[in-house]
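Okay, here's what each chain looks like letter by letter:
Number of protein chains: 2
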Amino acid sequence: MRVRFLPDEVHVEIREGESILELAARAGITLRGACGGDGTCGRCLVVLREGAVQDADGIAVAGTGAVFRACRFYPVGDPVIEVPDTSRLHEHQVLTGDGEEDAAPLWAQEGVDGQLADPLLRRVTVSLVPPEPGETADDWGRLALALARETGGEVRADLAVLRELPAVLRARDWTVTADLGTAGGPEHEVVAVQPGRAAGPAYGVAVDLGTTTVAAQLVDLESGRVLGTAGTYNRQAAYGDDVISRIIFAGEHSGGRRRLQEAVVNTVNSLLAELRRLCGIERDAVRAAVCAGNPTMSHLFLGVDPAHIRLEPYTPAANFWPPCRADDLGLDLHPRAPVHVLPGVASYLGGDITGGLTASGFGAEGRTALFVDIGTNGEMVLGDGDWLIGCSCSAGPAFEGSGITCGMRAVSGAIERVGATPGGFEVVCRAIGDGPPAGVCGSGLIAALAGLRRAGVINRAGQFEPDLETPRFRSGDAGEEFVLVWARETAHGRDIVLTGADLQNLLRAKAAVYAGLRTLLAAVNLDQQDISRVYIAGGFGRFLNLREAVAIGMLPDIAPERYTFVGNSSLRGARAALLSGRRLAEIGETARRITYLELGEGTRFMEEYVSALFLPHTDMGLFPSVRECE
Amino acid sequence: MRVRFLPDEVHVEIREGESILELAARAGITLRGACGGDGTCGRCLVVLREGAVQDADGIAVAGTGAVFRACRFYPVGDPVIEVPDTSRLHEHQVLTGDGEEDAAPLWAQEGVDGQLADPLLRRVTVSLVPPEPGETADDWGRLALALARETGGEVRADLAVLRELPAVLRARDWTVTADLGTAGGPEHEVVAVQPGRAAGPAYGVAVDLGTTTVAAQLVDLESGRVLGTAGTYNRQAAYGDDVISRIIFAGEHSGGRRRLQEAVVNTVNSLLAELRRLCGIERDAVRAAVCAGNPTMSHLFLGVDPAHIRLEPYTPAANFWPPCRADDLGLDLHPRAPVHVLPGVASYLGGDITGGLTASGFGAEGRTALFVDIGTNGEMVLGDGDWLIGCSCSAGPAFEGSGITCGMRAVSGAIERVGATPGGFEVVCRAIGDGPPAGVCGSGLIAALAGLRRAGVINRAGQFEPDLETPRFRSGDAGEEFVLVWARETAHGRDIVLTGADLQNLLRAKAAVYAGLRTLLAAVNLDQQDISRVYIAGGFGRFLNLREAVAIGMLPDIAPERYTFVGNSSLRGARAALLSGRRLAEIGETARRITYLELGEGTRFMEEYVSALFLPHTDMGLFPSVRECE
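Protein sequence lines, in the order shown, are assigned to chains A and B. If you're matching positions, the first sequence starts at 1 in the UniProt record's numbering and goes up one per residue. If you're matching positions, the second sequence starts at 1 in the UniProt record's numbering and goes up one per residue.
Honestly, I wouldn't trust all of these hints.
As the list claims (entries may be wrong) - Among the chain A residues that face chain B by a calculated CB cut under 7 angstroms, a handful are: (1) Pro131; (2) Pro133; (3) Glu154; (4) Asp158; (5) Leu159; (6) Arg163; (7) Leu165; (8) Val304; (9) His308; (10) Pro316; (11) Gly476; (12) Glu480.
Stated by the list, open to error - Stretch-level coverage of chain A by chain B, calculated; a stretch enters the list once three of its residues show a Cβ under 8 angstroms from a Cβ in chain B: (13) 42–55; (14) 321–329; (15) 598–611.
To be clear, the hints were calculated from the coordinates, so they are not data collected in a lab. Quick caveat, the model's predicted, so the values are computed rather than measured. By construction, the Cβ of each residue, glycine as well, lies at the ideal position given by its N, Cα and C atoms.
Extracted from the complex, chain A is given alone in its bound form:
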């Protein structure tokens, strides 16, 4: 019993209870969807080509050409289903790094002679003196002693290693290579032992577990060299766009948590397969992994109940995770490869941030710095070498292109630059890939907001000026709207518009971010001018026009040279930990040191939020440069 997907020509075995959406996900086809499979968003439309499908009530659809929602229907027999391009999440502009870092392996410099000082997996070759008659030292005792001499700490081995040890020790005359895992302390655990000297290095993998996208990097654990980087959409997207809908799916659907865990593990495994193929490496040669993600992603990756992340008082099951093994999770690495997940701080401040802070060199200057990662949540940390305070504000999905009439993710065809003449008569848009546009992504929305405000199309309250005299401004089905691109110039032949409701959504999103920052500053009695450096992390930062983000009042109006874009710092954080136990310990220290400010407590955040619901702000004094350019 299989489903055949077109035009991919992928076949996938039917499993009891799996919808067409889930079957497609297992087949590697990620469908669009924003409702977590509830059948309400209508983004996952597919076409029946042969056979039949039925919904949960047994109502069947048959006949070629029938269009149905993949999330609500289940296969009958062996249907053939076509997945139109418009229903797919497209490959893909997954942020995997900033290019530069790969050329100069950052952490390799810390070792001696191009060798890493303290990777999480050390490869050690030892030659033992064979036992003499009358000696009673056991095989493992002999090896453990030699390894402890190399590492300076206790070395443990589990049964799986001991089982084959006698033959391994004697296969190459008592010379063996042991791969030793550590969590950063002096203690090591044997991951594997092989006879003789190993021909090459051991490999490790750093993984950024993003809600939307997942990126992985294969690293040589001897030199620290990055061998390859790959990214793709998180297959969990089939179960909901954001962390909240996935937490709900995990709790409300039978086996939901297991399905989400499998989906993200399958995503990582697909990247691992790509990287291994690229680098010509066997599965078992990859012997350590470090993963970084937000708390929900970390819970779901490990199969841990995330329910209370979204329920008051928002308590995660754990902020620090025990090291586990590849085969505990189903990851395609050496089965005993240690897998570390970076520690978080609170339910909405996770290992992607703690890792990102360490990897971006946050606080190294000893002056007050701000770290910001804006997605559905705006996570930020403020501090210097001595103190750290962090928060997470719910920006909503507007900046990810969701909840906006013509919003879309930052993929090919998404408008990322917008210019307008005064009054909005002329509008110039540029889409990613320079082709005809299909919608507007987060950075494009900020650009539009800034551009239309500058052009006088929008007033300070974020509403359309009532008496605009351009045909672009009109009354649509959903109230007032402004046409950014006329239908004849778009990829799909429909107008790309911004509605009044869109404006309010964007205003609320940017206000949440800025209010979060203001609340942090107030908590430590500082002013935004005290911030000597701002680190902008994540995919959003990549296309962001700083001047526009300041112009709409989302980011503080300080000197542009104080801003640094740090790219996918979550991935860099994971790699930093993979290549250095000291870094891993440092990230743990950072996680412990951050004071988390729950913005829902007290009234300060709400006051700041209301003040920020203007362009750029009720208090224009906070945005001197914006005042100047008007």
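Given the coordinates of chain A, work out where chain B should sit on it, guided by the hints.
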């Protein structure tokens, strides 16, 4: 495809490559066998009742009534096979304790108010303060802190525990009961957490992994009370009688090591099932185990390659074993129950001895003591509170009834007492169970040797006196032999005899034990009169007549009141460790402190051995009491 065994009416699924012997073992029917399935001993004869079987060369046997060796034949179709009583290892006089100990739980006294002080699994109930809005402590952090307060040390949990933790904590309003495992130190690992207060105690199991028999004891881990004890034959017997034949089987047969591991685990599981039924306890309520066995048994139980135990220079894979989990081994306990295997000293001195030493109170008096456990190997340890020296001498299987014409194990029908009139005209034998005898067990053989020597039937060199004038002395197929019981009085209607070759086997066995002891004494420059206490451990000791063992020169001729029989001290050692982390640590200390004397090194042992090949010894001065009674 199944085999049906009669008269048991047990059906077992056929697996590729399994002989009838192995199929029977899986069905719980332990056949006799001494050759490790090589087809040479002819003890595993069974009868074909229906269908057919064939050997490895494809030569088939069919037709009802055909008798064949179970180890050499494989099923064809679905045969029906009868296993005659004479081919079975019989239930059973497995030594599980000394009766007395069960009434007065030895280690319970160490706790307070009838509660154990430091069992390997502690049950702790804590009530947590629920998280308040604004608090960021995670669920696990909150619980870990409370548990650390109770235990005084770090508490760890793995993913399996964390996965369900949020729901468990909230199910009974933040009161939970945690079962914490330890290896004796201050660190604990969460085995399981359940909501609310637990209704009863957690249970643990102590296991004696004997080569021939396996015993298990179910214990209440709160009070230390023994709830039940069970014993049975080790199902590994299907693969060979002694450790050497099993090591060979493990190495030379495909999947041999796995099959041996499964066989002993199945044996333990059958005992666990019996104990659970007896005590009305669920599988998951049993949450810790400690096992003690000789080094080969420990290796095979854990699935570790034992090959080099029998190859020079006799190096075990490990003497100390990492704690593992029930589900790593396939044991029917709570899947995360910690399983400890007691540490050994060398390839032939294992955890049964180190545990036995500690459990029997060896060395507590601070004076020189000797611990002896005689089976196929005679293991012994000499020492006081300050020093310990041990050795193992190969006594051969004679004392287990193997390699002796009419030898058998110490089961019902085995002769254990022998008396003879001068010249051997009259002989009186008593069998275990007081029924008609079927053979002679180890203690019976010692009794026979002593009795016949006293009666003048055997000379000092252990040979028959040439001119005995009794019809009991005759020339048989295998040379001279002496009839202990005439056919008309035996269970099987055949004479029970001792041959000249039997005498030499027994002489060599007792000489090895005594020579081992003499070599130990010489190594520390002591005399046997310096030994203030002798502990006799194991099943052999149970039926042993001390005077006779001294009379044949096997045990030292010292005052009988210095001898103590300690029963199954291996099982007691396992239980002692289960009930006290300090005891477990003590056993480890003991294992580290014992200096192992390899008897094959140097010439001393061989000299002592040759001197001991007399009854009782070449140096009669060593056996003053024996000289007196002649």
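Could you work out which earlier hints the structure fails to respect and list their numbers in ascending sequence?
-> 3, 11, 12, 13
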